[in-house]
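Colleague: Each chain is listed here by its residues.
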Amino acid sequence: MSDVISSAAPPRPAMTDKLKFYGMWVATALLLLLLPKVFSSGGSLTTFSLIGISIIFALSYNILLGQTGMLSFGHAVYYGLGGFLAIHAINIIGAHKWPIPLPVVPLIGGLTGLAFAALLGWVSTQRSGTAFAMISLGVAELVASSALILRTFFGGEAGVSANRTKVLRLFDWSFGPQIQIYYLIAAWTLICMIAMYALTRTPLGRMCNAVRDNPERVQFVGYDPHVIRYIAFCFSGFFAGIAGALAAINFEIANSAYLGAVQSGTVLFSTYIGGIGFFIGPAVGAIFVTVLSLGLSDLTSVWQLYFGLFFIAVVMFAPGGITGLLMKHRPLVLAGTLGKVLPSYLIAFVPTLAMITGLMLAIETVVHYTVSPEDSPNIKAFGISFNAASPITWGIAAVLIVGGFVIARKTWAKVAEAWDGALSAAREKGFAA
Amino acid sequence: MLELIVISTLNGILFGMLLFLMASGLTVIFSMLGVLNFAHASFYMLGAFFGFQISRWFGFWPALVVAPLLAGLLGAAVERYGLRQVHKSGHVAELLFTFGLAFAIEEIVQIIWGKSPVDFRVPEALDFPAFTVFSTNYPAYKIFMLAASIAIFLGLLIALKKTRIGLIVQAALTHPHMVGHLGHNVGRVFMMVFGVGTALAAVAGVIAGPALVTQSNMAALLGPILFVVVVVGGLGSLPGAFIASLLIGLIQTFAVSMNGSLAEMFGPLSPDYATTWLADIWNVTVAQIAPIMPYVLLVLILAFRPMGLMGTRDT
Chain A
1 MSDVISSAAP PRPAMTDKLK FYGMWVATAL LLLLLPKVFS SGGSLTTFSL
51 IGISIIFALS YNILLGQTGM LSFGHAVYYG LGGFLAIHAI NIIGAHKWPI
101 PLPVVPLIGG LTGLAFAALL GWVSTQRSGT AFAMISLGVA ELVASSALIL
151 RTFFGGEAGV SANRTKVLRL FDWSFGPQIQ IYYLIAAWTL ICMIAMYALT
201 RTPLGRMCNA VRDNPERVQF VGYDPHVIRY IAFCFSGFFA GIAGALAAIN
251 FEIANSAYLG AVQSGTVLFS TYIGGIGFFI GPAVGAIFVT VLSLGLSDLT
301 SVWQLYFGLF FIAVVMFAPG GITGLLMKHR PLVLAGTLGK VLPSYLIAFV
351 PTLAMITGLM LAIETVVHYT VSPEDSPNIK AFGISFNAAS PITWGIAAVL
401 IVGGFVIARK TWAKVAEAWD GALSAAREKG FAA
Chain B
434 MLELIVISTL NGILFGMLLF LMASGLTVIF SMLGVLNFAH ASFYMLGAFF
484 GFQISRWFGF WPALVVAPLL AGLLGAAVER YGLRQVHKSG HVAELLFTFG
534 LAFAIEEIVQ IIWGKSPVDF RVPEALDFPA FTVFSTNYPA YKIFMLAASI
584 AIFLGLLIAL KKTRIGLIVQ AALTHPHMVG HLGHNVGRVF MMVFGVGTAL
634 AAVAGVIAGP ALVTQSNMAA LLGPILFVVV VVGGLGSLPG AFIASLLIGL
684 IQTFAVSMNG SLAEMFGPLS PDYATTWLAD IWNVTVAQIA PIMPYVLLVL
734 ILAFRPMGLM GTRDT
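Protein chains in written order, with my numbering: chain A, 1 to 433; chain B, 434 to 748.
Treat the hints as calculated values from the structure; they're not laboratory data. Think of the CB as a built atom: it goes at the ideal place given N, C-alpha and C, for glycine as much as any other residue. One thing to keep in mind: the hints can contain errors.
Here are some chain B residues pointing at chain A (derived, C-beta under 7 Å) [stated by the list, open to error]:
1) Val519
2) Val525
3) Gly533
4) Ala537
5) Ile545
6) Val664
7) Pro739
8) Met743
Sample of chain B residues lacking proximity to chain A, with all beta carbon distances greater than 10 Å (derived) [unchecked claim]:
9) Arg489
10) Gly492
11) Ala526
12) Leu559
13) Phe561
14) Ala573
15) Ile576
16) Leu587
17) Leu593
18) Val619
19) Phe660
20) Ala688
21) Asn692
Assemble the whole structure, with the sequences as input and the hints as a guide.
Modeller: Below you can see the structure in the form of structure tokens.
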């Protein structure tokens with residue numbers, strides 16, 4: 001019996017673990033502080049601001065999906081409402097000259113998200129799984145359509161705008177220039193990341209995981225899964241509201257697109273692509289998706305299709321997302337058997353890349369014929385020029401797709417073999433379960 | 434007033450039957466595979482666009498047959514090579530797979546047919562008014578739509594209740610493992626059901642295409658309503674889906690044709706309130722809130738009867 005009790009309480013962390021833990025956050029803070037010194041151009045500052053916002057949003061989404069096992073299709077509702085309230089708050093504070101500085105405004109957005117999550121959450125969280133997903137979708141459509149009807153508050157299609165420099169100034173910070181907005185967003189990103197990480201370490205966070213894995217057993221232990229899901233939903237709404245308010249401050253406008261299905265879909269994409277199994281996953285996904293969507297839209301006109309196909313590929317072949325994929329290699333690295341897998345990766349990489357190139361060639365050719373058939377057939381996509389009208393291009397595309405597919409299948413089978421060998425070697429050394 | 438009621442009832446039943454053509458496939462797929470096919474409305478859209486393209490080349494009647502076949506084959510392929518792969522990662526992954534698929538299909542349709550509506554016309558053989566109710570000419574094409582969807586509904590009913598395949602499908606709905614033990618190829622049954630379900634959605638697309646607008650956002654517009662139908666009717670219940678389809682079809686059609694608002698009933702707001710956000714609620718007409726009616730119904734149903742109208746099980 002005493003065994004059980006002693007193993008139930010986790011051992012006190014050693015000094016080095018503590019140092020590592022706090023060192024990580026200090027390093028993150030330093031990184032956020034120094035980033036604009038390294039990349040000081042206006043474009044990169046805007047990108048960093050967007051990334052910060054989507055990190056908070058994606059992490060808040062993962063409280064639902066990754067930690068409590070609730071797949072929501074309407075998380076943008078709390079993001080958007082937080083944004084709208086923040087915009088109205090800035091306008092009201094500016095008009096009445098209330099002594100409230102701008103850095104506090106995201107808190108208003110967060111409280112809005114919390115209030116609406118508390119209001120709508122009780123009905124939605126009664127069930128999890130598919131039913132919850134459908135309810136969240138219905139609620140999202142309800143709110144998004146209502147936003148177009150309540151024109152005075154939501155401003156119709158044009159949205160509501162505000163001037164962020166008109167509120168009380170602290171220390172002479174006007175929050176006009178992007179660099180000041182960057183630091184505001186960076187500070188809130190750090191605070192929210194720490195808060196959400198702390199949340200996963202609380203008993204509530206652990207109960208959320210339990211509800212995700214086995215709700216029936218949670219009931220036997222004496223908790224109500226509905227209440228736990230509800231509390232997690234409220235926290236998630238709170239942080240989403242903060243992200244929405246920061247977005248509203250960043251753009252100085254809030255419109256109905258903030259609430260819409262596209263926004264909900266984007267956060268789902270970034271969270272899942274990053275990986276829902278690890279705390280850091282959604283943040284990685286947020287960075288990846290933001291950079292990808294900004295970068296790809298310059299390269300090709302149909303970047304959303306590539307994005308969708310990429311998402312399908314992640315769901316099919318790497319359900320753990322990017323971080324899940326990387327963390328799978330951890331035991332191999334620890335055991336020193338990674339070298340056995342890497343050569344097979346390199347071999348498999350070539351035909352896979354050939355297949356992807358062929359697909360891209362085919363897609364870009366089709367796009368040329370359907371979207372802009374009058375233009376010159378010499379098109380340039382991803383920095384490569386080719387002639388979409390010549391049968392040679394079509395032939396190359398077909399050969400690359402078919403040949404790449406056939407060879408890739410064989411080489412990935414080899415990867416699986418090498419992987420099995422490396423993993424069992426790691427297992428023998430005691431690094432993997 | 435009577436005229437309005439007759440016409441709206443006809444249109445409502447028509448819309449409801451179209452919804453049921455899609456919801457039936459969605460419900461059967463959900464009961465069997467346990468996955469709510471997010472891309473179901475995308476197959477409806479594919480049906481409409483395939484129908485448009487084929488009717489341009491060969492005429493409407495071949496399109497009515499070929500387009501659903503094509504979409505059904507695509508659906509079966511999606512089940513065989515996509516969903517079955519993802520199945521081992523759990524229901525969330527399956528739902529996300531269909532979500533990504535819906536996203537990709539919309540993009541592909543946009544690339545091939547553009548973002549603006551295509552010119553999908555009613556076939557000439559059916560382009561005449563069938564009868565006149567009071568002063569409104571009711572188009573023959575709508576009667577054809579109604580007849581076609583009722584015929585398919587009856588065919589489906591007979592196939593499910595009277596044939597051997599229907600028996601296996603019904604058994605696989607509740608006891609897939611038992612059906613497998615009895616020696617039936619459950620995997621193939623699943624693939625077939627998925628294919629037939631998506632083909633039904635495509636039929637709805639082909640016959641609805643000329644009457645409604647054939648555009649690349651039609652899946653995104655209809656998809657959420659379809660889920661409302663399935664949830665309101667009770668997840669996995671075919672009779673429930675039927676009732677919910679008709680209910681939502683009628684509610685939406687009636688709401689669209691009504692013009693009343695609170696301001697009309699109680700008079701305009703006093704000038705003190707006329708500029709506040711209360712004015713929005715006061716002046717909005719029933720027709721304007723028609724799009725949100727299904728979702729209001731959804732929230733009400735979930736608050737008072739969480740398993741849906743005819744649902745028996747929790748998911």
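Colleague: Take the hints in turn and mark each one as holding or not.
Modeller: Against the structure, the hints come out as follows:
1. Interface restraint check for valine 519(B): the shortest CB-CB distance to chain A comes to about 6 Å, inside 7 Å, so the restraint holds.
2. With its C-beta approaching chain A no nearer than about 5 Å, valine 525(B) sits inside the 7 Å limit, and its interface hint holds.
3. Here the hint on glycine 533(B) is kept, as its CB sits about 4 Å from the closest CB of chain A, short of 7 Å.
4. Among the interface hints, the one on alanine 537(B) holds; its C-beta lies about 4 Å from the nearest C-beta in chain A, closer than the 7 Å criterion.
5. For the restraint placing isoleucine 545(B) at the interface with chain A, the shortest Cβ-Cβ distance is roughly 5 Å, inside the 7 Å limit, so the hint holds.
6. With a least beta-carbon distance of about 5 Å to chain A, the hint placing valine 664(B) at the interface is held under the 7 Å criterion.
7. Checking proline 739(B) against chain A by beta carbon gives a least distance of about 6 Å; that is within 7 Å, so the hint holds.
8. With 7 Å as the threshold, the beta carbon of methionine 743(B) stays out of range of chain A, its nearest partner Cβ sitting at about 15 Å, so the hint is violated.
9. Every C-beta of chain A lies more than 10 Å from that of arginine 489(B), the closest at about 15 Å, which supports listing it as non-interface.
10. Listed as outside the interface, glycine 492(B) is consistent with that label: its C-beta sits roughly 23 Å from the nearest C-beta of chain A, beyond the 10 Å cut-off.
11. Consistency note on alanine 526(B): stated as away from chain A, yet its beta-carbon is not over 10 Å from all of that chain's, at 5 Å minimum.
12. Look at leucine 559(B): its CB is around 30 Å from the nearest CB on chain A, clear of 10 Å, so calling it non-interface holds up.
13. Distance check on phenylalanine 561(B): its Cβ is at least 35 Å (rounded) from any Cβ of chain A, clearing the 10 Å threshold; non-interface status holds.
14. The Cβ of alanine 573(B) sits about 33 Å from the closest Cβ of chain A, beyond the 10 Å cut-off, so the non-interface label holds.
15. Distance check for isoleucine 576(B) against chain A: the nearest CB is about 31 Å away, which clears 10 Å, and the non-interface claim stands.
16. For leucine 587(B), the non-interface assignment is confirmed: its Cβ lies about 29 Å from the closest Cβ of chain A, beyond the 10 Å cut-off.
17. The Cβ of leucine 593(B) sits about 23 Å from the closest Cβ of chain A, beyond the 10 Å cut-off, so the non-interface label holds.
18. Interface exclusion of valine 619(B) from chain A stands, the closest Cβ pair being 21 Å apart, more than 10 Å.
19. Chain A draws phenylalanine 660(B) into its interface by the beta-carbon criterion, the shortest separation being 5 Å against a cut-off of 10 Å.
20. Residue placement check: alanine 688(B) keeps its beta carbon more than 10 Å from all beta carbons of chain A (closest about 13 Å).
21. The claim that asparagine 692(B) is not at the interface with chain A holds, since no C-beta of that chain comes within 10 Å of its own (minimum 15 Å).
Of the numbered hints given earlier, the model fails hints 8, 11 and 19; all others are met.
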